[in-house]
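Protein chains: 2
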Amino acid sequence: MSFVNAGVDAMASSLSEEFAVPAHVEEVRRVMAAFAEQHGAAGRMVVLITSGGTKVPLESRTVRFLDNFSSGRRGASSAEYFLAQGYAVIFLHRQRSLYPYTRLYTGANLLDCLTLHPAHEGSGLVTVDQTKLPNITDVLKRYQAVKSAGLLLPVEFSTLSEYLHLLKAAAQALSSLGSKAMFYLAAAVSDFYIPPSEMPEHKIQSSNGPLQISMKMVPKILKPLVKDWAPKAFVISFKLETDPSILLERARCALDIYKHQVVVANVLDTRHGYVVIVTKDSQKELVLTEEEVQREVEIEEKIVKNLSHAHTQFINQKG
Amino acid sequence: MSFVNAGVDAMASSLSEEFAVPAHVEEVRRVMAAFAEQHGAAGRMVVLITSGGTKVPLESRTVRFLDNFSSGRRGASSAEYFLAQGYAVIFLHRQRSLYPYTRLYTGANLLDCLTLHPAHEGSGLVTVDQTKLPNITDVLKRYQAVKSAGLLLPVEFSTLSEYLHLLKAAAQALSSLGSKAMFYLAAAVSDFYIPPSEMPEHKIQSSNGPLQISMKMVPKILKPLVKDWAPKAFVISFKLETDPSILLERARCALDIYKHQVVVANVLDTRHGYVVIVTKDSQKELVLTEEEVQREVEIEEKIVKNLSHAHTQFINQKG
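Sequence lines, in order, name chains A and B.
Numbering follows the working numbering, in which position 42 of the first sequence is assigned residue number 42; successive positions increment by one, without gaps.
Numbering follows the working numbering, in which position 174 of the second sequence is assigned residue number 174; successive positions increment by one, without gaps.
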């Protein structure tokens, strides 16, 4: 217990020392708090989704960085399903990672999808070639409805430092909602970083020969988040492994250490069709059937239904 | 001299051993060779532009990777100016990095730029809101003209291995053009990598403690490119530094070692407004004036004019 406290205290004090504070963090905190207050007052549940990978600089004037493989697909599609369930969504995502709704057209080159409309060429009317952007009218209607209702608040990060500080700010901004706040931590966050004091200022020269990089472990932000910043919230973390044999053990281990509500466990190769929802006293496999894959059902629809149901039960228990 | 030969031989034999060959490399080589032949026959010069950063995996089932800071802006804008100068362009670029013409709208969310056209809502006509995509009719016309004339051949890479093999294939595909081929190597290529034999299969576990990464130096592909693969071509490399005091010395050093024609030297902080064109016996500064910055002139326009002029002189000398 004293070890846990020591960890939390170290985290709280070291966050600003080891990870540069983004200039706009106070402004973002105010915007998130106002968003939470408004939707809380309207009786809505609010989910904070984190999505995409974090960038870890190797030099202070950064030319090189370490990154995590993550398109942001899981976070972006989950946002859509949470919105469909009536949640208001704060979408804390890596800059230029996949974005709700827009993600459906991410493979397309914008200019390949546009035509100068023949009937209006003089006036320069540009229209969408709907064979290139399937279902665009439906998707656009859904996107515009969410936007005009103010249900989706996007916040961007790029580096690990930005992610850590913005997540802390979000947790504090949502604390007024108590159990009605959900944290859905789907971002692929680096486990390692180089402290500013050990970072070279300039670009590492290849003429100096082979490169040795020593990286410290990133403090586990889940610990103070659950314990101090949002102790009443419903918190979900993700565990991605490449080795299936250690997956569930690692998921249970995370629940033991951090005392949060759910780990969504998944394996790199099968993550789009299979996950396990792990709680302290249950585990449930969610699988896409062949027929569902054919119909292009997404596993995130099942994850979000399962978790929003569990969240409602959690709220009813906690009051 | 024997050292140079040893380097080239080692490179040629080690490329396939140390860097996995992409499955589609032969097909891409054929497409590039046909492109070169067609435009060569039409009397056009052909430039191969490399653009964007390379991904260097840290695990064979990759969760983490090392990357280089590069949006691909310089390569993408240069492609437009080479097309304006009458070149045919092979655009060898990092997947999802900036793309010619489309780059001008990269900050925009597609769905924010579209409207269901009021007069056609029943039929679902979707139009572009041209206040959100400035100059879209002009840009679209230019893009469509280039596309329908078949002047731009896009080829994508993502990892360092893909980059190295595709660049070699491109050099071989363009060798028939002799001095009429230009290589404009603007990609930000990693200097370091982890050989397959030293790479862990599975995701590195953070529970194992701090991370030590040992990386080998990437063989300099410029050496065999200039010496063996495209010995008659006009070759331009880029040198990006964060420390201005070592820039020109490093540029001259590269020309001495690789014996190619031009180094475009630039410093990270000022790269959008200042470069030095360095050749064996000249160096010329290109600078954007305040007035040009106001008019949104791009430094790449000046770089490309300078280099296409130098390329024409080079062709006239070599015949």
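Worth double-checking, as some hints may not be accurate.
You can't tell identical chains apart in this list, so a pair holds if it fits in one copy or across any two.
With a cut-off of at most 25 Å between alpha-carbon atoms, the simulated DSS-like pairs for lysine-lysine come out as follows [what the hints assert, rightly or not]:
#	residue 1	residue 2
1	K203	K216
2	K132	K227
3	K132	K318
4	K216	K141
5	K259	K141
6	K132	K147
7	K220	K203
8	K216	K318
9	K280	K259
10	K305	K232
11	K141	K227
12	K232	K132
13	K223	K141
14	K141	K284
15	K141	K203
16	K223	K280
17	K216	K232
18	K132	K284
19	K318	K141
20	K203	K223
If you are wondering where the hints come from, they were derived from the structure by calculation, not from laboratory data.
Bear in mind that the values here come from a model prediction, so they are computed numbers and not experimental data.
- Query: Looking back at the numbered hints, which does the structure fail to meet, lowest number first?
  - Reply: 2, 3, 4, 5, 8, 11, 12, 13, 14, 15, 17, 18, 19
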